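J.: Residues per chain are reported as follows:
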Amino acid sequence: MVMTDTAAGLRESRKNSIKLLRNERFGRGLVMACGLFIILLTLSVAAFLVVQGTGTFTKYHHSILEFLFSADWAPTDSVTEGSGKVGAAIYIVGSLLTCGLALVFITPFSLGAAIFMTEISPRAGSKLLQPAVEIFVGIPSVVYGWTGLTILVPLIRDVFHAKMGGYSVLAASIVLAVMMFPTITTVAADAIRSVSQEYRDAAYGLGSTRWQVIYRVVVPAAAPGIFTGIILGLARAFGEALAVAMVIGKTRAFPAGLLSPTNNLTAAIAADMGNSANGGEQNLALWTMALLLFLISMLFILLIHIISRKGKQAA
Amino acid sequence: MKKSLLSRSKRANAVNSLMTGVFFSVGGFFLLLLIVFAGYILVKGALDFYPELLQFNRHGIGNQLFNTLYLVFLALVISVPIGVAAGIYMAEYAGDSKLTAFLRVSIESLSSLPSIVVGLFGYLVFILMTGAKWNLMAGALAVSILSLPLITTTTEDALRSLPIGYAEGSMALGATHWRTITKVLLPACFPRIITGVILAAGRGFGEAAALLYTAGQSTNINWANWNLASPTCPLNPFRPGETLALHIWGMRTEGSLNPNSSAIANFSAAVLVLLVLGFSLLARVLTRRYQKRTEGR
Numbered sequence: 000m001v002m003t004d005t006a007a008g009l010r011e012s013r014k015n016s017i018k019l020l021r022n023e024r025f026g027r028g029l030v031m032a033c034g035l036f037i038i039l040l041t042l043s044v045a046a047f048l049v050v051q052g053t054g055t056f057t058k059y060h061h062s063i064l065e066f067l068f069s070a071d072w073a074p075t076d077s078v079t080e081g082s083g084k085v086g087a088a089i090y091i092v093g094s095l096l097t098c099g100l101a102l103v104f105i106t107p108f109s110l111g112a113a114i115f116m117t118e119i120s121p122r123a124g125s126k127l128l129q130p131a132v133e134i135f136v137g138i139p140s141v142v143y144g145w146t147g148l149t150i151l152v153p154l155i156r157d158v159f160h161a162k163m164g165g166y167s168v169l170a171a172s173i174v175l176a177v178m179m180f181p182t183i184t185t186v187a188a189d190a191i192r193s194v195s196q197e198y199r200d201a202a203y204g205l206g207s208t209r210w211q212v213i214y215r216v217v218v219p220a221a222a223p224g225i226f227t228g229i230i231l232g233l234a235r236a237f238g239e240a241l242a243v244a245m246v247i248g249k250t251r252a253f254p255a256g257l258l259s260p261t262n263n264l265t266a267a268i269a270a271d272m273g274n275s276a277n278g279g280e281q282n283l284a285l286w287t288m289a290l291l292l293f294l295i296s297m298l299f300i301l302l303i304h305i306i307s308r309k310g311k312q313a314a
Numbered sequence: 000m001k002k003s004l005l006s007r008s009k010r011a012n013a014v015n016s017l018m019t020g021v022f023f024s025v026g027g028f029f030l031l032l033l034i035v036f037a038g039y040i041l042v043k044g045a046l047d048f049y050p051e052l053l054q055f056n057r058h059g060i061g062n063q064l065f066n067t068l069y070l071v072f073l074a075l076v077i078s079v080p081i082g083v084a085a086g087i088y089m090a091e092y093a094g095d096s097k098l099t100a101f102l103r104v105s106i107e108s109l110s111s112l113p114s115i116v117v118g119l120f121g122y123l124v125f126i127l128m129t130g131a132k133w134n135l136m137a138g139a140l141a142v143s144i145l146s147l148p149l150i151t152t153t154t155e156d157a158l159r160s161l162p163i164g165y166a167e168g169s170m171a172l173g174a175t176h177w178r179t180i181t182k183v184l185l186p187a188c189f190p191r192i193i194t195g196v197i198l199a200a201g202r203g204f205g206e207a208a209a210l211l212y213t214a215g216q217s218t219n220i221n222w223a224n225w226n227l228a229s230p231t232c233p234l235n236p237f238r239p240g241e242t243l244a245l246h247i248w249g250m251r252t253e254g255s256l257n258p259n260s261s262a263i264a265n266f267s268a269a270v271l272v273l274l275v276l277g278f279s280l281l282a283r284v285l286t287r288r289y290q291k292r293t294e295g296r
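Line order of the protein sequences matches chains A and B. The first sequence runs 0 to 314 under numbering that gives the first Met the number 0. The second sequence runs 0 to 296 under numbering that gives the first Met the number 0.
Calculated from the structure, these hints are not laboratory results. Bear in mind the structure is a predicted one, so any value in this text is a computation, not a measurement. Quick reminder that beta carbons are idealized off the backbone N, C-alpha and C, glycines included. There may be inaccurate statements among the hints.
[Unchecked claim] FRET-style restraints, in silico, Cβ to Cβ:
{"no.": "1", "chain 1": "B", "residue 1": "L281", "chain 2": "A", "residue 2": "L35", "range": "29 to 39 Å"}
{"no.": "2", "chain 1": "A", "residue 1": "Q196", "chain 2": "B", "residue 2": "L280", "range": "24 to 34 Å"}
{"no.": "3", "chain 1": "B", "residue 1": "L280", "chain 2": "A", "residue 2": "N15", "range": "40 to 50 Å"}
{"no.": "4", "chain 1": "B", "residue 1": "E51", "chain 2": "A", "residue 2": "Q196", "range": "38 to 48 Å"}
{"no.": "5", "chain 1": "B", "residue 1": "P258", "chain 2": "A", "residue 2": "S82", "range": "18 to 28 Å"}
{"no.": "6", "chain 1": "B", "residue 1": "L227", "chain 2": "A", "residue 2": "D4", "range": "54 to 64 Å"}
{"no.": "7", "chain 1": "B", "residue 1": "L227", "chain 2": "A", "residue 2": "L35", "range": "16 to 26 Å"}
{"no.": "8", "chain 1": "B", "residue 1": "S16", "chain 2": "A", "residue 2": "K311", "range": "44 to 54 Å"}
{"no.": "9", "chain 1": "B", "residue 1": "L227", "chain 2": "A", "residue 2": "S193", "range": "27 to 37 Å"}
{"no.": "10", "chain 1": "A", "residue 1": "D157", "chain 2": "B", "residue 2": "S16", "range": "47 to 57 Å"}
{"no.": "11", "chain 1": "B", "residue 1": "L234", "chain 2": "A", "residue 2": "S193", "range": "40 to 50 Å"}
{"no.": "12", "chain 1": "A", "residue 1": "S82", "chain 2": "B", "residue 2": "R283", "range": "50 to 60 Å"}
{"no.": "13", "chain 1": "A", "residue 1": "S193", "chain 2": "B", "residue 2": "L4", "range": "48 to 58 Å"}
{"no.": "14", "chain 1": "B", "residue 1": "L127", "chain 2": "A", "residue 2": "T250", "range": "51 to 61 Å"}
[Stated by the list, open to error] Derived list of chain B stretches under chain A, where covered just means 3 residues or more per stretch with a C-beta under 8 Å from a C-beta of chain A:
{"no.": "15", "region": "157–163"}
{"no.": "16", "region": "205–218"}
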């Protein structure tokens with residue numbers, strides 16, 4: 000009686016462990032499949048971009064140099080002939096110029112805000128500025144664009160008497176700058192916070208003022224993290240489409256100055272994609288622009304990796 | 000010599016005070032900017048309010064609001080299971096292999112994809128290749144591509160930040176790894192994952208560029224029609240569904256068609272900002288409660 004009980008119990012428990020083992024295998028397989036799915040998804044996005052984006056060069060035989068450096072943009076919307084021009088230089092310059100200007104505008108402010116909330120007044124930083132920065136992150140880009148359109152554009156028109164009614168490189172750069180602000184500030188503040196307290200103590204012990212500690216010790220020590228923040232902000236600005244499209248004026252010409260309108264990569268894609276024939280010259284040229292955006296964002300990732308590796312080596 | 004040292008120290012102190020002032024004004028400036036900015040959006044939206052805006056038809060923004068919520072809901076239904084599972088894999092199973100490194104690069108690439116590029120990909124794959132018209136499901140798939148990396152990394156971080164004792168205790172009692180994950184680790188870091196999901200939702204609400212050519216820029220809902228296969232049924236995921244963010248974008252260009260376009264856009268912007276703020280507030284409250292609980296108070 001006792002014997003059979005034990006035997007049954009053993010059988011039962013073996014069954015149970017087999018079931019558990021099967022669950023273990025199943026669970027492991029399931030989560031691994033999801034991981035593989037992400038890889039597959041990324042590869043397929045990249046593959047579609049490459050296949051569609053290189054069509055301009057392979058199917059319609061335009062040269063890469065023409066695409067990058069010619070300002071002659073007149074692609075045909077036809078699927079068979081490739082007799083148009085696909086020079087995207089205006090869009091490329093528009094993207095570079097607006098993002099570059101935005102970076103110049105906002106970096107000092109973002110750094111200042113990051114230093115304020117970490118070194119000067121951590122209390123006010125965590126109670127007021129940190130939540131404020133988080134709110135800035137959350138505001139949708141269309142709302143940034145809409146606010147730029149209703150405040151900034153009329154303001155620039157009235158103050159500077161801009162020709163195109165305020166739609167300008169300046170307006171686009173300011174909108175982008177405000178959008179970059181939370182990214183740079185958050186990452187830079189994290190970097191500054193992680194600078195070892197001993198560095199500060201040592202510098203204060205040598206008689207430095209707080210400002211001297213900040214710009215001689217803390218900022219150089221946090222430099223890799225600060226650069227990472229700047230690149231992340233730049234990446235966000237480069238990929239931003241609609242907010243810029245609302246205020247840049249969408250004019251196919253090189254800007255004559257800060258106050259003149261132009262166009263950029265993302266706004267051009269957003270505006271023209273819907274009314275281009277799939278696989279046509281114009282359509283594929285827009286895909287090439289998307290591919291360029293993708294390559295730029297990969298370049299930014301690469302830069303961040305290089306910086307963080309350098310930072311680790313230094314530390 | 001002594002005098003010059005003294006003057007140097009004086010100068011250093013003066014510069015220090017000056018820079019402290021500069022930092023305070025930068026901090027103050029951004030606080031003020033946010034208050035003015037958010038205040039402008041909300042006040043402007045409130046001032047331009049008229050009752051028809053609340054209607055669920057062509058004149059109001061009710062349909063757009065519903066589309067926004069429904070689309071983000073669909074996107075989360077798709078991306079949360081996959082993202083959480085991938086996060087579990089990254090934190091618990093993935094070894095130090097080439098595959099893991101590649102998965103990490105993939106997640107990073109996905110999270111830095113410009114949303115207009117995701118929109119293009121979605122347009123080609125979910126609309127042109129399936130031969131469908133603009134639909135909510137295509138938009139939801141595009142948004143889930145954007146939220147997937149966020150949910151994956153949040154889950155991974157949440158699992159990694161748990162004390163090792165949780166897993167050790169469970170395994171010492173004879174639990175398998177998978178049972179430890181589902182019965183111990185996931186429940187323990189559930190609030191953090193939820194916070195990540197809420198943040199992803201907040202981003203989804205504001206997404207527009209990825210939806211331009213996927214969810215479409217029109218909406219037509221018949222609230223009396225509950226036949227799921229009908230293109231005007233509110234719950235049919237395969238109907239065109241303009242969201243609030245797209246509506247704001249649309250009002251910019253179609254201004255001439257609608258005399259109230261700027262009022263509609265202003266009010267939509269205010270509603271959208273309130274929606275996003277509400278969700279980020281929720282995430283904050285949850286995080287705080289979770290911290291309190293883990294600190295044992």
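J.: Now, for every hint given, state plainly whether the structure supports it.
T.: These are the hints, each one checked on the structure:
Distance hint for B:L281 and A:L35: a CB-CB separation of about 33 Å, consistent with the stated range 29 to 39 Å. Roughly 32 Å separates the CB atoms of A:Q196 and B:L280, a value that falls within the hinted 24 to 34 Å. Taking 40 to 50 Å as the suggested C-beta distance range, the pair B:L280 and A:N15 conforms, at roughly 46 Å. The hinted range of 38 to 48 Å is not satisfied by B:E51 and A:Q196, whose Cβ atoms lie roughly 59 Å apart.
A beta carbon spacing of about 43 Å between B:P258 and A:S82 contradicts the range 18 to 28 Å that was offered as a hint. For the pair B:L227 and A:D4, the beta carbons lie near 55 Å from each other, so the given range of 54 to 64 Å is met. Between B:L227 and A:L35 the beta carbon distance is about 33 Å. The supplied range of 16 to 26 Å is therefore violated. Look at B:S16 against A:K311: about 36 Å separates their beta carbons, and that is not inside 44 to 54 Å.
The hinted window of 27 to 37 Å between B:L227 and A:S193 is violated, with their beta carbons roughly 52 Å apart. Between A:D157 and B:S16 the beta carbon distance is about 38 Å. The supplied range of 47 to 57 Å is therefore violated. Taken as a hint, the range 40 to 50 Å holds for the pair B:L234 and A:S193, whose Cβ atoms sit roughly 48 Å apart. Distance hint check for A:S82 and B:R283: the Cβ-Cβ separation is about 57 Å, which falls inside the suggested range of 50 to 60 Å.
Restraint check, A:S193 to B:L4: a C-beta distance of roughly 34 Å breaks the suggested window 48 to 58 Å. The hint said 51 to 61 Å for the Cβ distance between B:L127 and A:T250, and at roughly 29 Å that hint is violated. Closer than 8 Å: that is the beta-carbon criterion, and the region 157–163 of chain B has 0 residues meeting it against chain A, so the requirement of 3 is violated. For the region 205–218 of chain B, the assignment as covered by chain A holds, since 6 residues bring a beta-carbon within under 8 Å of that chain's beta-carbons and 3 suffice.
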